[in-house]
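A.B. asks: Chain by chain, the residues run as shown.
Protein chains: 2
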Amino acid sequence: MRIPKHVGIIPDGNRRWAQNQGMTKEKGYESGLDPGLYAYRQCRDLGVDEVTFYGFTTDNTKRPSYQTEAFTKACVDAANLLINEGAALLVIGNTKSPMFPKELLPYTKRCEPKEGQIKANLLVNYGWHWDLNTLAEAQQVNKNNIQENIQSFDISRLDLIIRWGGRRRLSGFLPVQSIYADFYVVDDYWPAFNENHIPDAFSWYNKQDITLGG
Amino acid sequence: MRIPKHVGIIPDGNRRWAQNQGMTKEKGYESGLDPGLYAYRQCRDLGVDEVTFYGFTTDNTKRPSYQTEAFTKACVDAANLLINEGAALLVIGNTKSPMFPKELLPYTKRCEPKEGQIKANLLVNYGWHWDLNTLAEAQQVNKNNIQENIQSFDISRLDLIIRWGGRRRLSGFLPVQSIYADFYVVDDYWPAFNENHIPDAFSWYNKQDITLGG
Chain A
1 MRIPKHVGII
11 PDGNRRWAQN
21 QGMTKEKGYE
31 SGLDPGLYAY
41 RQCRDLGVDE
51 VTFYGFTTDN
61 TKRPSYQTEA
71 FTKACVDAAN
81 LLINEGAALL
91 VIGNTKSPMF
101 PKELLPYTKR
111 CEPKEGQIKA
121 NLLVNYGWHW
131 DLNTLAEAQQ
141 VNKNNIQENI
151 QSFDISRLDL
161 IIRWGGRRRL
171 SGFLPVQSIY
181 ADFYVVDDYW
191 PAFNENHIPD
201 AFSWYNKQDI
211 TLGG
Chain B
1 MRIPKHVGII
11 PDGNRRWAQN
21 QGMTKEKGYE
31 SGLDPGLYAY
41 RQCRDLGVDE
51 VTFYGFTTDN
61 TKRPSYQTEA
71 FTKACVDAAN
81 LLINEGAALL
91 VIGNTKSPMF
101 PKELLPYTKR
111 CEPKEGQIKA
121 NLLVNYGWHW
131 DLNTLAEAQQ
141 VNKNNIQENI
151 QSFDISRLDL
161 IIRWGGRRRL
171 SGFLPVQSIY
181 ADFYVVDDYW
191 PAFNENHIPD
201 AFSWYNKQDI
211 TLGG
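Protein sequence lines correspond, in order, to chains A and B.
Residues 1 to 214 in UniProt numbering are what the first sequence lists, from first letter to last.
Residues 1 to 214 in UniProt numbering are what the second sequence lists, from first letter to last.
Don't read these hints as lab results, they were simulated from the structure.
Just to be clear, a hint being listed does not mean it is correct.
[Stated by the list, open to error] Calculated pairs, BS3-like style, for lysine-lysine (alpha carbon to alpha carbon, straight line, at most 27 Å): (1) K207/A - K27/B; (2) K109/A - K96/A; (3) K207/B - K5/B; (4) K62/B - K114/B; (5) K102/A - K27/A; (6) K62/B - K207/A; (7) K114/A - K73/A; (8) K5/A - K109/A; (9) K114/B - K73/B; (10) K62/A - K114/A; (11) K62/A - K5/A; (12) K207/B - K62/A; (13) K5/A - K114/A; (14) K73/A - K62/A; (15) K27/A - K207/B; (16) K62/A - K27/A; (17) K25/A - K207/B; (18) K25/B - K207/A; (19) K25/B - K62/A; (20) K25/A - K73/A; (21) K62/B - K73/B; (22) K27/B - K102/B; (23) K73/B - K5/A; (24) K102/A - K73/A.
Isolated chain A, as found in the complex (with noise of 0.2 Å):
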């Protein structure tokens, strides 16, 4: 079976899914840091070197404090269990912004993975226009070296995309390093993430062709 190097994974659908359960919609985000971690260890040991979890965005930051405080919450702790497990964590977003969490900041620096750890980015107070305005600073851009310029150099192109909560759109999600990715949308909402949901993801993947444009 072709495994994908690099999966995205987008983990929409927490203030739904709060809602459906009763909850108010920010108690969602807790509820997901164990399907992050459950994905984590599953892409791991399935063969993935790279995971990239999308956190949130300059975008999100707009919504009501309630909420942006719980969803950066939810991404701390996030990155501390990752940091647990050995994870080769990197944590990416525009951290000159007040939004962006101080405790992350050493993790602004790709960790060092413990033994049999795989790389797993985190997108914290992220932006696709922050992640490209680089570009212009560049002192020249071509058609090679595009992804060496950007914000998020450090995360490699994406092969496999996955999108809990039904839609399908990639929401500013890497748009250098999703350009010939596969995408693949759960109806689930992420808090009901289950152990089914990756591998089907990837017996799809295996069954398209790869062509880049050739």
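Position chain B relative to chain A; hints supplied.
C.D. replies: Frame of chain A, contents of chain B only:
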């Protein structure tokens, strides 16, 4: 019903369709011309303001010459069909390469539409890296003006992208304009286009909610 303002069309599956019909691969492209004109008219009549067709990319030009000649001819023919219809045609792509057909140079500035017609964009010898390269030359790029400083600045944000041929990936299609687009996949090959495909896609689009990250 909520109608998308700007619809992207990825007309994939021409070669697979031709092979299924017992023809050689390159014969599929000309069978995509009638669907293209039908799709333009259908979008226009349903109230869309702008349609963008994915013609061919700089990556596609690495294919054997009998194929590149066939899809280049199909793009020239498609442009002429749209001009005859009276569309506000704009052809976008790297004109400095020999792979760009000279016949289309006059349309790299947007044509004036005839009464009742809409914008039609055709990507010809387009490359996502070529599109983003001009960011490096821009004097000052910020969150709000990335779109204004890319090569495809005259193509607006996409609301809905419809891809024929079953594949679920963007393959370099306008990465900046695709950021928040909803993505709908038709399993039929493009030359097997039928009149229900676009209305079905619009019905699905009508059920999506638009949050733009908020």
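A.B. asks: If a hint holds in the structure, say so; if it does not, say that too.
C.D. replies: We went through each hint and held it up to the structure:
1. Between K207/A and K27/B, the direct Cα distance comes to roughly 26 Å. Compliance with the 27 Å bound is thereby established for this hinted pair.
2. A distance of roughly 15 Å separates the Cα atoms of K109/A and K96/A; the hinted pair therefore holds under the 27 Å criterion.
3. This hinted pair checks out: K207/B and K5/B have alpha carbons roughly 15 Å apart, not beyond 27 Å.
4. Proposed proximity of K62/B and K114/B is contradicted: the alpha carbons are some 37 Å apart, above 27 Å.
5. Taking the CA atoms of K102/A and K27/A, the gap is about 22 Å. The hint holds against a cut of 27 Å.
6. Distance hint between K62/B and K207/A is fulfilled; the C-alpha atoms sit about 24 Å from each other, no more than 27 Å.
7. Using a Cα cut-off of 27 Å, the hinted pair K114/A and K73/A holds, with the two alpha carbons roughly 25 Å apart.
8. For the suggested pair K5/A and K109/A, the alpha carbons sit about 21 Å apart, so the restraint of at most 27 Å is met.
9. Between the alpha carbons of K114/B and K73/B the distance comes to roughly 25 Å, so the proposed pair stays at or under 27 Å and holds.
10. A hinted pair counts as satisfied when its Cα atoms are at most 27 Å apart, and K62/A with K114/A does not qualify at roughly 37 Å.
11. Restraint check for K62/A and K5/A: not satisfied, since their Cα atoms lie roughly 34 Å apart, outside the 27 Å limit.
12. Simply put, K207/B and K62/A have alpha-carbon atoms about 24 Å apart, close enough for the 27 Å limit, and the pair holds.
13. Using a Cα cut-off of 27 Å, the hinted pair K5/A and K114/A holds, with the two alpha carbons roughly 19 Å apart.
14. For the given pair, K73/A sits about 16 Å from K62/A by alpha-carbon distance, which is consistent with the 27 Å threshold.
15. Distance check on the hinted pair: K27/A and K207/B sit about 26 Å apart at the alpha-carbon level, within 27 Å; holds.
16. Of the supplied pair hints, the one linking K62/A and K27/A holds, its CA atoms being roughly 18 Å apart against a limit of 27 Å.
17. For the hint pairing K25/A with K207/B, the CA-to-CA distance comes to about 21 Å; that is within 27 Å, so the pair holds.
18. Of the supplied pair hints, the one linking K25/B and K207/A holds, its CA atoms being roughly 21 Å apart against a limit of 27 Å.
19. Between K25/B and K62/A, the direct Cα distance comes to roughly 50 Å. Violation of the 27 Å bound is thereby established for this hinted pair.
20. The suggested pairing of K25/A with K73/A holds, with an alpha-carbon distance near 15 Å, which does not exceed 27 Å.
21. At roughly 16 Å between alpha-carbon atoms, K62/B and K73/B fall within 27 Å of each other, so this suggested pair holds.
22. Of the supplied pair hints, the one linking K27/B and K102/B holds, its CA atoms being roughly 22 Å apart against a limit of 27 Å.
23. Restraint check for K73/B and K5/A: not satisfied, since their Cα atoms lie roughly 37 Å apart, outside the 27 Å limit.
24. For a cut-off of 27 Å, the pair hint linking K102/A to K73/A stands: about 11 Å separates their Cα positions.
When each numbered hint is compared with the structure, violations occur for hints 4, 10, 11, 19 and 23.
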